[in-house]
Structure formats: C-alpha cells, structure tokens
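Please work from the sequences and hints to get the whole structure.
Protein sequences, first through last, are from chains A and B.
The opening position of the first sequence corresponds to residue 1 in the UniProt record's numbering, with each subsequent residue numbered one higher.
The opening position of the second sequence corresponds to residue 1 in the UniProt record's numbering, with each subsequent residue numbered one higher.
Derived from the structure by calculation, the hints contain no laboratory data.
Hints are supplied without guarantee of correctness; some may be wrong.
[Claimed, not checked] Listed next, with one range per pair, are the computed distances between beta-carbon atoms: (1) A/Ile320 to B/Gln242: 43 to 49 Å; (2) B/Asn85 to A/Leu360: 53 to 59 Å; (3) A/Leu13 to B/Gln242: 57 to 63 Å; (4) B/Met115 to A/Phe376: 47 to 53 Å; (5) A/Ile320 to B/Gly58: 35 to 41 Å; (6) A/Leu324 to B/Asp239: 46 to 52 Å; (7) A/Tyr396 to B/Asn85: 27 to 33 Å; (8) A/Leu9 to B/Asp239: 53 to 59 Å; (9) B/Pro8 to A/Leu295: 44 to 50 Å; (10) A/Asn7 to B/Gly58: 33 to 39 Å; (11) B/Asp241 to A/Asn7: 50 to 56 Å.
Even glycine gets a Cβ: it sits at the ideal position worked out from N, Cα and C.
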Amino acid sequence: MRALRMNRLRTGLTMLGMIIGVAAVVLMLSIGQGAQTKINQSIETMGSNLFIVLPGATSSGGLSFGSGSVKTLTVNDAMAIAELPAVNATGPVISGTAQLNFNAKNWSTSITGTTPDYFMVGNWTIEDGSIFSETDVRSAARVVVLGSITAENLFGTINPVGKTVRITNRPFLVVGVLAAKGQSLSGRDQDDNVFIPITTSERQITGNQFPGSIRYMLVQGKSAETMEEAEIEITQLLRQRHRISDGMENDFTVRNLTAIADVATDTAKILSIVLGAIASISLLVGGIGIMNIMLVSVTERTREIGIRMAIGANRNAILIQFLLEAIMICFMGGMIGVILGIGSAWIISQLIDMLVVITLSMVFLAFLFSSAVGIFFGFYPARKAASLKPVDALRYE
Amino acid sequence: MSTNQPAPSPTTLIRIAQLHKSYKLIDADGNTIENPVLQNINLIIEKGEFVAIMGHSGSGKSTLMNILGCLDTPTSGDYWLENQNVAMLSNDALARLRNRYIGFVFQGFNLLNRMTALDNVAVPLLYAGENRASSRQQAMEQLRRTGLEKFAMHHPNQLSGGQQQRVAISRALINQPPLILADEPTGNLDTQTSQEIMTLFEQLNREQGITIVLVTHENDIAAYARRLILIKDGSIVYDGDQALENVPDPVV
Ligand SMILES: Nc1ncnc2c1ncn2[C@@H]1O[C@H](COP(=O)(O)OP(=O)(O)OP(=O)(O)O)[C@@H](O)[C@H]1O
Ligand SMILES: [Mg+2]
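Written as structure tokens, this is what we have:
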C-alpha cells in the first residue's frame, strides 16, 4: 500500500485505465438497458396478441404502416374478420392529417377514422369522457376523441370534454380524451392524434377515392396460444373474400406485431451484449496496463523483495503483498469508474433525450469484473516476485 | 547427500561438510563451464562463538555467508543449522528458519526505505505472525536498547550510516535469533562508527551469547572476533585464533 502512495502519478495513470474501462462498461450497459426498457414500455402500450393487416402484397422491406395506394382492404373485410373463431376484435383505420381549431388556437395533427373496437384492440385507456359509440359510427356523427398531446395543445388547462372543436372547419363535439401512451415501437408519438368515426372521416374529412376501403386494420387474436390459428383464419378468409385463386399471391399482408415486438426485444438484448463486450475490451486493456505496471514494480523492487525474504517473508507473503496492490488499484479504479459511468450516463440522458437505466446488478457486475481483472493480471507479476531466489533478489542492482 | 549425518550435538550451531558451490558460466564459444567458487568447505561453529571471515575480494566470502544464511543453496555437500539438514527444508521452512534463527546485517544496511525505522524493526515480527501493535511495541523497546528511540519515526534516508546500521542490527535482533550473520557490516562506515558497531556486536556476543559470524577486510575489525577464518580461492586456508602474527597475511 505504501508503494502505491509513493508512486502516485504512476498508480493514478494505471488506475485511469481501470476507471475508463469500468466507466465504459457501466455506461454501455446502462444505454443497452435503457434501450431494452424503452422497447418494453412501447410493447406494453401496444396491446396484446396483435396483428396488423395491410393492403398490398408482402414487400421485401420490413414493417411499413399504411403502405402504398392499393385499396384492397375494406371495412367489410374487417367486420368479417372480427367474426372469426380465433379473433377477438378488429379496428379498421383510415387516416390523414387535418387542421383543428378551438377558439383562436389551431393545431395540425393526424386524424384516425376508426370504430370503437379500435380503442380496445390498440390498448387505449380513456382519461376523460368516453369513446364514441357504434351508433355514432352508423350515423357518421361529428364526434371526436382527442389524444392527450393534442388535447393539451389545443385546450391547455380547459377540460375539452363537451367542447366543440372545428376540424377542417366543421364543428365536432369532443366526447373523450385518451390517457397518454408515449412512443410506439417505431418511435412515433402516439398521443398527438385525434379519432373520429370511420364513416364521418370517409365522408367529411379525409375523403376516399374508393369508398369502403381502409388504410389498415388492427386485429386482436383471442389468446397468445392461438395466434398461428388466427393468422391462418385471417389469410384464408381474405383470400376467399378477395377471390384469389390457388397459386396466386395475396393482395394483403398479415403481420404478427407481437412477434415483431419479440424481435425488437431480442435486438435490444443483442445491442446490450455487444455494447458490454466492446466496453469489456477497454477493461481488458486497463488490466494489461496493470500487469505492465506491476511487472515494472516487481523489477524495481527486486531488492526490497530480497530483503523481505531475508528477514523471514515466505513466498505467500510476497505473493499476497503484490496481489493486494493490484487488487487495490482495481478496486479503487472500479469505484471511481462506477461513479464516472453513472455520471456520464446521467449527462447523456440529459443532453440527448435518451433513456438510460442503471441497475444495482450492473454496478455489481462492473465491480466484480474489475476485481477479477486485478486478480488475473496481478497474479503473474506477483508470482514472479514470489518465485525469486532470495540471493538473486538481494544481489539485484 | 546426508549419508554421513553427524551425531546431534547440543552445542553445535553450524556444521558444514564437504560443501562445494559453483556457478555455471557461458564462455565466448557458447559452452557452459563450471566456475567453482567454494571448494570442499568443512566448518563447525559452536554456539556463542564470534567468528571473523577474511579473504581477498572474490574469494567466496559472501557466497559462503549466503549459504550460511539459507539465502542460497550449495551445489553439493551438507549444511546443518541447529542440527537440521537445510537441504531437506521447504521454501516456507527456510523462510521461517531465517526469520527465527538468523539475523542479517549487510554492508549496504538494506533497510526498507519506504518505512520508518520503527516499522523496519517490526517487520520480522509481523512475518513471525505477531500483530501490528505488539510488533511496534517490541520494536520500540529494541530501538531503546540500541539507543535509537529518538529516531524511531525517521525514514532511513533521514539517518546517518551508523544510525542506519544500528537500525539494521535492531531488526536483526528483534526475533532474538541465536545467530547473526554480518557481511562487511562496517564496510560503509568510518573508523569511529565502525568501532561503535563492533562494540555493540561484542557486547551482544558476550552478554547474550549470540553467535556472530562476520566478514571483513580490516584487521582491526577482525580483531574483535575470537576466531578467524581465512578463505583463499574458495577454500579455507586458515581457521584458528587471533594470533595474527601466525596468520598468513590475509589481505595482500
Ligand atoms: N550469481 C553469480 N553468478 C556467477 N558468478 C558469481 C555469482 N555470484 C558470485 N559469483 C562469483 O563468485 C565469486 C565469489 O564471489 P563473492 O561475492 O562470494 O566474493 P567475496 O569474497 O564476497 O568478495 P568481496 O570481498 O569483494 O565481497 C566471484 O568470482 C564472483 O564473480
Ligand atoms: Mg562479498
């Protein structure tokens, strides 16, 4: 320990390698964990056992909402699918953007025309008022449900329920406000949105080139176990309804969102592992630095080792002395590194709006790893010191 | 090796029989050659003796001292210390032996520079398994006996050569060993200080019966001892009392 204090600069520089390594591990793990947590949060808001059915054939590109100009899916398709044994409910969607006005304020946002089931399927909860009804859909009533962000931007502290907003200059009665949901898996803000009956939308707001066609629909399966069955049922039904003969390609695409969510979770996990592995390399480099400095220290202190052996130190005593020094460097470096890692994770989360998550086990892991590095890389120099012959060590100049 | 094990004698501290030591050297042609440093050394030292070893530089005195101190091993031959065959002992047992039975005093003092005088003296007690507090306390008492209590908290580089050597002697004495090995203990000291150190050795030998073996180049230092051993080219050429006129000129 005394030796460490004597060589402050050198010990400090060696420790720096350890500090950076541990800080990097903590930082990378917290970023990875943050990504994972964020994805999990998005998935939780998504609703369970979910399919999205899109018009058009499966493209080679990944997930793309509302793709293309194909108009092969209809509200009637959605109603028919809702009756399938493995399906719970469906929510057909037509969408566009619209200008909203309340008093002097105006706000431009995306508008979703749909049915009441959509809110259940999409796992929305109502904050205030209620959603619109089947009757509203049938009569194409001018009623609207606001997303939380839209409500806030347009109404501020006023309760919007019961008020009238103008959507592309037509008056709509606000019947409800949704609870906030946050970002979707694809990173879209889900709360800046308004919902109106699908019929109202088609006839008065978004318009429709092909009446009855929809942009996409959400389908909720009955249970997690029957998802495959549901997918088969949906595909068969749509092929039949669209009169697609055997051997012909589907003119629609069924995607299992739950499966996509699993992939996203796995990806985040792999990201965590890769980030952790990269950070571990810097820890390894730090460890080699320790070994290097300990070897120098052993050479430099050969005479001291000789003296200690002459006055009665056995090999274990010498071994432990040097090993303790290496572990000490690692432990202190690890401690400072953990603090630095948490600090920089915090700064990153403040600077760029990124979720970082620090867990106790992460800190523990970093500590454990750095101590292991200390023992591993300290052992060789320590053993080298301990295996010196007393006479050789004493004669060393 | 230990075929001719002698009868254990309670008064014998050191017994060396037919001891050889050689170093392997590599000559200009790359061949390994044996360089004999000690040849056929036979030596018995009884408890309580005060022995001076003299000889030319390079004659093998330090090599012999290192073997006596269990810091080095002979190439062949036997060495019994306190009737234990040293060749039979493990590294740990040798460390224990050095710790309990032997006190070392070196020409260059060999104190641990990072520690105070007090801690230097306490280290052998720590290696003997004593706790820190009692080690410090005993070390302090030892420093008081050698007249160094004023310097207990000094580091070696804050002490004169004579003071450093007295700290080293205190350290050698702390475990009350029966044997002190001193390789040119006055080599770095002036005449006055050398004489003080030698008086201390003489006193330890006389009053506590500690066996002292020392190497020196100076006749008046050797004169403190009662027995003189002369080494020439690795062999003992004289072993007897201090009637120096009978002794072949040791340091030509
Ligand atoms: N490690 C070694 N390897 C090879 N040769 C060595 C080694 N140590 C000592 N020698 C040789 O052994 C011989 C005796 O050395 P030693 O140190 O015992 O002499 P010494 O009598 O103590 O001399 P001095 O009075 O100068 O201290 C020398 O010739 C030296 O070169
Ligand atoms: Mg010598």
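Verification of the hints:
no.: 1; hint: A/Ile320 to B/Gln242: 43 to 49 Å; result: holds (46 Å)
no.: 2; hint: B/Asn85 to A/Leu360: 53 to 59 Å; result: holds (58 Å)
no.: 3; hint: A/Leu13 to B/Gln242: 57 to 63 Å; result: holds (58 Å)
no.: 4; hint: B/Met115 to A/Phe376: 47 to 53 Å; result: violated (30 Å)
no.: 5; hint: A/Ile320 to B/Gly58: 35 to 41 Å; result: holds (38 Å)
no.: 6; hint: A/Leu324 to B/Asp239: 46 to 52 Å; result: holds (47 Å)
no.: 7; hint: A/Tyr396 to B/Asn85: 27 to 33 Å; result: holds (29 Å)
no.: 8; hint: A/Leu9 to B/Asp239: 53 to 59 Å; result: holds (54 Å)
no.: 9; hint: B/Pro8 to A/Leu295: 44 to 50 Å; result: holds (45 Å)
no.: 10; hint: A/Asn7 to B/Gly58: 33 to 39 Å; result: holds (37 Å)
no.: 11; hint: B/Asp241 to A/Asn7: 50 to 56 Å; result: holds (52 Å)
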